[in-house]
Amino acid sequence: MTRVLLVEDEPQIVRALRINLRARGYEVDAAPDGRSALEAAARRPPDVVVLDLGLPDMDGVEVIRGLRGWTGVPIIVLSARHASAEKVAALDIGADDYVTKPFGMDELLARLRAAVRRARPADEAPVVETGDFTVDLAAKRVERDGADVRLTPTEWHILELLVRDAGRLVSQRQLLREVWGPSYEKETNYLRVYLAQLRRKLEPDPARPRHLITEPGMGYRFEP
Numbered sequence: 001m002t003r004v005l006l007v008e009d010e011p012q013i014v015r016a017l018r019i020n021l022r023a024r025g026y027e028v029d030a031a032p033d034g035r036s037a038l039e040a041a042a043r044r045p046p047d048v049v050v051l052d053l054g055l056p057d058m059d060g061v062e063v064i065r066g067l068r069g070w071t072g073v074p075i076i077v078l079s080a081r082h083a084s085a086e087k088v089a090a091l092d093i094g095a096d097d098y099v100t101k102p103f104g105m106d107e108l109l110a111r112l113r114a115a116v117r118r119a120r121p122a123d124e125a126p127v128v129e130t131g132d133f134t135v136d137l138a139a140k141r142v143e144r145d146g147a148d149v150r151l152t153p154t155e156w157h158i159l160e161l162l163v164r165d166a167g168r169l170v171s172q173r174q175l176l177r178e179v180w181g182p183s184y185e186k187e188t189n190y191l192r193v194y195l196a197q198l199r200r201k202l203e204p205d206p207a208r209p210r211h212l213i214t215e216p217g218m219g220y221r222f223e224p
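Going left to right, the sequence shown walks through residues 1 to 224 as UniProt numbering numbers them.
There may be inaccurate statements among the hints.
As the list claims (entries may be wrong) - Distance condition first, Cα-Cα at most 30 angstroms in a straight line; then the derived DSS-like pairs of lysine-lysine:
#1 186 - 101
#2 87 - 201
#3 186 - 140
#4 186 - 201
#5 101 - 87
#6 186 - 87
#7 140 - 87
#8 140 - 201
No lab work stands behind these hints: they were computed from the structure.
Keep in mind the model is a prediction, meaning the values are calculated, not measured.
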């Protein structure tokens, strides 16, 4: 049974999510603040975290930072904050997805399913080397300059899709469908944010990428 850690201080939202998640076979742990969330995650490691940024004791970004210190569990941010800078900050620090309040239950559940699916172990796969970094598809590891590069599960999933089709154009629609689901095929801003993050982590010159190439209006291509 998939365990969800719900970090939210609004009782009505906790109740609604608990009812809907349990009805779909999820096990739910709830925490009303950041400190208890970190304690709950350490005590009973979840399979996915749904996290509100506006917590009473600390900013949700600090919770993400605390979790990312020891776990790669998928984190879906749930927040009333609409500013794109705050969304990007949450993604940069290690969140995997972002849902803005008010939200549709079907949308949140679809993103939760996708996050859990992306986090499952991959089958045995080869190691792909470039002149700047190495991608081990089997171990889900990226190494650059002799050190591991930490990627979020969403960053890894995008990179994996591109690497497995090295040299070929992967359309925006295909990437969005594979990573977020069929209802997100027009959300191209998601790809811009995550490709920028990947380039900062992997490309020698992110402004002039050599490996993660944009084909304007079409998609992306990985060149070893």
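Checked hints:
Straight-line distance between C-alpha atoms of residue 186 and residue 101 comes to about 20 angstroms, which keeps the hinted pair within the 30 angstroms bound. With a CA separation close to 19 angstroms, the supplied pair residue 87 and residue 201 stays within the 30 angstroms bound. This hinted pair checks out: residue 186 and residue 140 have alpha carbons roughly 28 angstroms apart, not beyond 30 angstroms. For the hint linking residue 186 to residue 201, the alpha-carbon distance of about 26 angstroms falls within 30 angstroms, and the restraint holds.
Note on residue 101 and residue 87: the hinted pairing holds, with a Cα-Cα distance of about 13 angstroms set against a maximum of 30 angstroms. A distance of roughly 18 angstroms separates the Cα atoms of residue 186 and residue 87; the hinted pair therefore holds under the 30 angstroms criterion. Between residue 140 and residue 87, the direct Cα distance comes to roughly 25 angstroms. Compliance with the 30 angstroms bound is thereby established for this hinted pair. Of the pairs offered as hints, the one joining residue 140 and residue 201 holds, with about 15 angstroms between alpha carbons and a cut-off of 30 angstroms not exceeded.
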